[in-house]
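Which chain is which? The protein sequence lines are A and B, in order. Numbered per the working numbering, the first sequence spans residues 1 to 436. Numbered per the working numbering, the second sequence spans residues 1 to 303.
Among the hints, a few may not be true.
[What the hints assert, rightly or not] Keeping only pairs whose Cα atoms sit at most 35 Å apart, straight-line, the calculated DSBU-like set for lysine-lysine is:
(1) K136(B) / K13(A)
(2) K208(B) / K18(B)
(3) K91(B) / K13(A)
[Stated by the list, open to error] Chain A stretches covered by chain B per the calculated footprint, using a threshold of three residues with CB under 8 Å from any CB of chain B:
(4) 7-18
(5) 243-255
These are calculated hints, taken from the structure and not from any lab test. Every value quoted in this text rests on a predicted model; they were computed, and no experiment measured them. Note that the Cβ used here is the ideal one computed from N, Cα and C, for glycine as well.
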Amino acid sequence: MKKILAVIKKEYKAIVKKKSFIIMTILTPVLMGGMMFVPVLLMKVGRTEKKIAVADFAGGYYQALTAKSTTRQEPGKPGFDLEGSMRKPRESEVAGLISFSPVKLNGRDAAVVVREYEQKILKKEIDGLLLIPADVKSGRQVSYYATSISDFATNSFIASTLRTVISQQLLLEKQIDPAVVREATRDVLVDTFKVKKEGTTKSSSGMDYIMSLFMMIILFGVLIGYGQMIMRGVLEEKSSRISELLISSAKSTYLFYGKVLGIGLAGLTQVALWILLSIILVSRFSGAVDASILSFLTPEIGLYFVVFFILGFFIYAIPYAIVGAAVNTDQEAQQFSTAIVWMMLIPYFIGFSATQNPNTTLALVASLIPIFSPILMFMRITASTPPLWQIATSIILCSLTIWGLAWLGAKIFRVGMLMYGKKPSLGEILRWIRYK
Amino acid sequence: MNEQALSLKDLVKDFDGKRAVDNISFTVRRGDILGLLGPNGAGKTTTIRMVMNIIAPDAGHIEILGKNFSEKVKDRIGYLPEERGLYRKLKVMDTLLFMGELKGMKIAAIRERGRLLLKQFQLDGYEEKKVEELSKGMAQKLQFIITILHNPELLILDEPFSGLDPLNIELIKDIILSSKREGTTIIYSTHLMEYAEKTVDSLVMIDKGRKVLDGTLAAVKAEYGQKFVKVQYEGDARFVGALPYVKSWRDSGREMEVELADLSKREQLLRDLLEKVTVNGFQLSEPSLQNIFIRKVQEGERA
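Isolated chain B, as found in the complex:
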C-alpha cells in the first residue's frame, strides 16, 4: 500500500488573472491528521476543491489514495465542503439513505450505520423528522454524519469548526480523533490555529496562495525552539517590546508571549518584569502556531 494518502505537486490556480494557489506541494501520510492552516482567503478552499476535482488546476498534479482522481475514489473519501447544506424537505433518514447510496453503500448498511451515528450524535429519534425541523446545531451534526457515513479512508474537512457551538466543536474533535484511531487519514483546513495545535500530526501553512511552512507539528515547533516565555502579569508591560534581548512579543493584556533572542536571557527578563509589574506566572513555552505563522509571514514580507 502506498504510504501517501494524498500528494500535491506544484499546484497552480488562477482566477481572473489573480493567482489563488501558487505552486503548492505537500504530502499527507496515511493515518495522519494534517492541518491546512492560513487566514481567510489564503487559498485553502481552492486547494481542497482542486483535490476534490471540483475545480481543475491550471497546472500541477494531484494523487489521491495512490491514484489519479477518479469517480471510484469518491466513494472512499468523506468530504465536508465549506459551502454546505442539506435538502430541507427531506427527512433525516431519507437524507442519509440518499447520500449513502450516492457513495455506493447498500441500503441495509446505511440504515445500520446511520442509526449508530445518529445515536452517537444524540440525534436518535429524529429519523423521521424533516431537515428543516432540526435546529442549526442538529443540522450541523447531520452534515457531519453524512461526511463519515460511508466509513471513508480519507476525510477532507473544509473549515469543520466554523459556525459550530463549543459543544459541537468538542464532539467533532472527538470524532476526528476516534477516526484517526481507526486508521482514517484526515485533512482539515482552518483559520483557527488554536484548534489545530491540539489535534494535528502535521501541518501546512499557506498565505496568499503560497505555502509558507510545512512539516510535522513536532518538527515545526522544534525549529522555532524553546525560545518562548509565557508570562501572566498585572500592570503596564509595554516596555517589554523595547528590551534589547526580546526578539518579538505578543501581548494579550494579562498574558504575553515573549520570544527571546537567546534562551539564557530568561532570568534577565524575569528580573526586568518584577521591577515594573506583578508577575503571576512565568514559564517556558512552545511557540503557538499563531505566532509561528505571523513570524513566517513577516519573514516572507521582509525577504
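Isolated chain A, as found in the complex:
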C-alpha cells in the first residue's frame, strides 16, 4: 500500500510541478472571464461619442432622433417604441453616445448634400451622414454614410427610432391612440421557476443551459486532456525501458492504479483551482457573484460534479492507460485515442438535446449506459431533477464498469508494459488477459 502511495505521489508531483499545469490553471479562468467581461468593458471604455449629421428631407425626424438619443434607457425596461418588448441593452448603450446635428438643406438636392458631407466624413469632421428622404414614410428607406458602417448598434438604433416615429405618425393620421397600440402589442415575459424537492427557486433557463453546457465542456476537456496524459505516461515508461525496473520493484497493479489515481488527483486539483479562481475573478470584477450562477451552483450540483468527474475520469482514463500499454508508438496511440474521443462525443451530442428534454427515453437510457453516464447523467441533473434511483443506478453501474476495467487494465498493463517493439494483435491482447 505504501508503494501505491509512492506512485501516486510521483505522478501527481510530476504534473502539478509542470509549468504548463501552472500556466493553464491560471490562464483558463482568466481567459474564460476575459471572454465574458472584455466585450462589456470595451463597450463601456472604448466608445467615443459619434457625431452624425442628419439631412432630414421629410421633416420632423431629426427632432425625434435627438429626443431619443438624450434619454438614456435602462436595460430590460420597455422603452417607448411600439414593440414594447425589452429594449436590447446594446441599443441603450448607444443612446447618449451619439450626437445628432441637423444639415441645413437650403433647398439643395440630396446628391449635393451627400457630396459635401463625403468630404467632411473623410476629413473626420463628422462620423456619419444620415439621409432621410422625403418619402421615408412610404418607402421606409434611409441612407447612412460613414467610414465605418459595421456598427450594428447605431444602425439598429436609427432604424428602431425612425420606425417608432413613422408608426406614431401613421397611427395619429388614422386617429388611433398610440398608447392603445403600445398596450396591445406589449410582449409577454416568461419567468422560469425550477421545481425541486428542496423548494422552488426562480432561475433563468438560459443560465441553466449555459452553465450545464459549460460544466460539460470542462468535464469533456479535462477527461480528454488527462486521459491522454496517462496514455503518454505509460507509453513513456515503455519507450524509455523503465517498466521492467518498475515491475521488479512493485506489483504491476499498484503501478497501474497509482498512475491513474495520481494523474486523476492532479486533474481534480486543477478543476478545483479553476472553480476557486473563477469565483474570485467573478466576485472581483462584477462586484458580487451573479445570483443566477449561485442558484445554479448549489452544493448538490458541486457534489455531483465531483462524483461524475471521478467516475468519468476512471471510465475514460483506464482505456487510455490500456492503449498506452498495448501500443508502441505515438502514432498508434493517437489512432486509438481518437476512437476514445469519438466515444466521448456520443454522450456530448445526446447531451445537447438532453439539456432541453432531460426526461426522454433516449436521454434516460443513454444516461444509464456507463460509458455515457458521467457526462449525460450530470447534464440531466443540471437540467432537471432525475429520480434518485436513476442517479444511484448510474453511479453503481459506473462503479462496476470501473472495477471491471481496472481488472482488465491491470492485466493488459502487466504484459503490455514488457512488450517492446512488437505491435500486438487483438488475439494476443486477449491472451494477455488470460495470462496469470
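Chain A is already provided as a structure; the job is to place chain B on it using the hints.
Here is chain B on its own, set in the frame of chain A:
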C-alpha cells in the same frame, strides 16, 4: 539461514514453440559472485527474467532467498535489467526518492544513502538536475545507484557492462567487489567472458538454452587442467594447428593459446616453435573461460 541465495530447478520456457530455456538448474551460494555466461541469445536474459518473476516459467521451480518469489522479496533484490532506462524529466534526487520508495525505503534513509552513493559515483552536485541533462555515462551510473540504493541482499545484474565505457566498467567492478565484501550475493550475466574471469566465484555457462557447464571457477579451471600454453611470437605460426600433439589452438596473430594433448609435450612445442618463429614469451596458463566455452560447445555438437 538458508545456504542458497538462489536455486533453479529444471526451468523451461518456450517462446512461440521455440525452446528459449531448456531444463536449466543451478544454485548460488550466499555471498558468492556467480557469472551467468553465454553468447547473445543463449537464454541468459530469459532465465533472469524468470528469476525476477517478470515472465513465468513453463515448467520448473525457483527459490529465491530461501522462499518462493513474493512481492516482499522484491525489496531485498537489486535488479539491473538488460532493457534499462529512467524517467527523462525527473530530477536525479527525485528519481532516487521514487525508486527507493518503491523498494520500501524511508525518505530520510533514501536521502542519506542517495547522497553517499552519488558522491561515490562522482555525481554529487547533480541532485537537482533532470535525468535528460545527464551524459550517457552519468545516466548509467545513476541506473546502477538505483540498483544498489536499498542495500539489497541479492544483486541480479543483466549484462551490467554492456554499453559502458572502460572507466565505468572499472567502477562497477569495484562496486561488485565491495558489495561482495559486505556479504551481498551477486549474479550477473555477460557474454564478455574476460570480465567474468576476473571476478566470479562460480559460473554457469549456457548455450542455446541449455546449461553446458557449471561449478566454481577453480573447479572448472582445474577440470580443464594445466594443459594450456600461452605463446607470444612473431612470424607465421599456422603450422602449429597441424602438430600431432596439439589438441586445439587459438591464434590471435601475436599471441596464441595452445592446448596440448599431454603437458609433457610442452618442451617439444617450444623446440618446434623456435625453428619457425621468434618466440617472445612462453608460459603455462590456465585455460580462458572463452576457450573452455568453445571446447564445451564443440563437444556438445559432436555428441
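Okay, the hints, checked on the actual structure:
no.	hint	verdict
1	K136(B) / K13(A)	26 Å, holds
2	K208(B) / K18(B)	11 Å, holds
3	K91(B) / K13(A)	12 Å, holds
4	7-18	holds (count 5)
5	243-255	holds (count 8)
Hint check: no violations occur; every hint is consistent with the structure.
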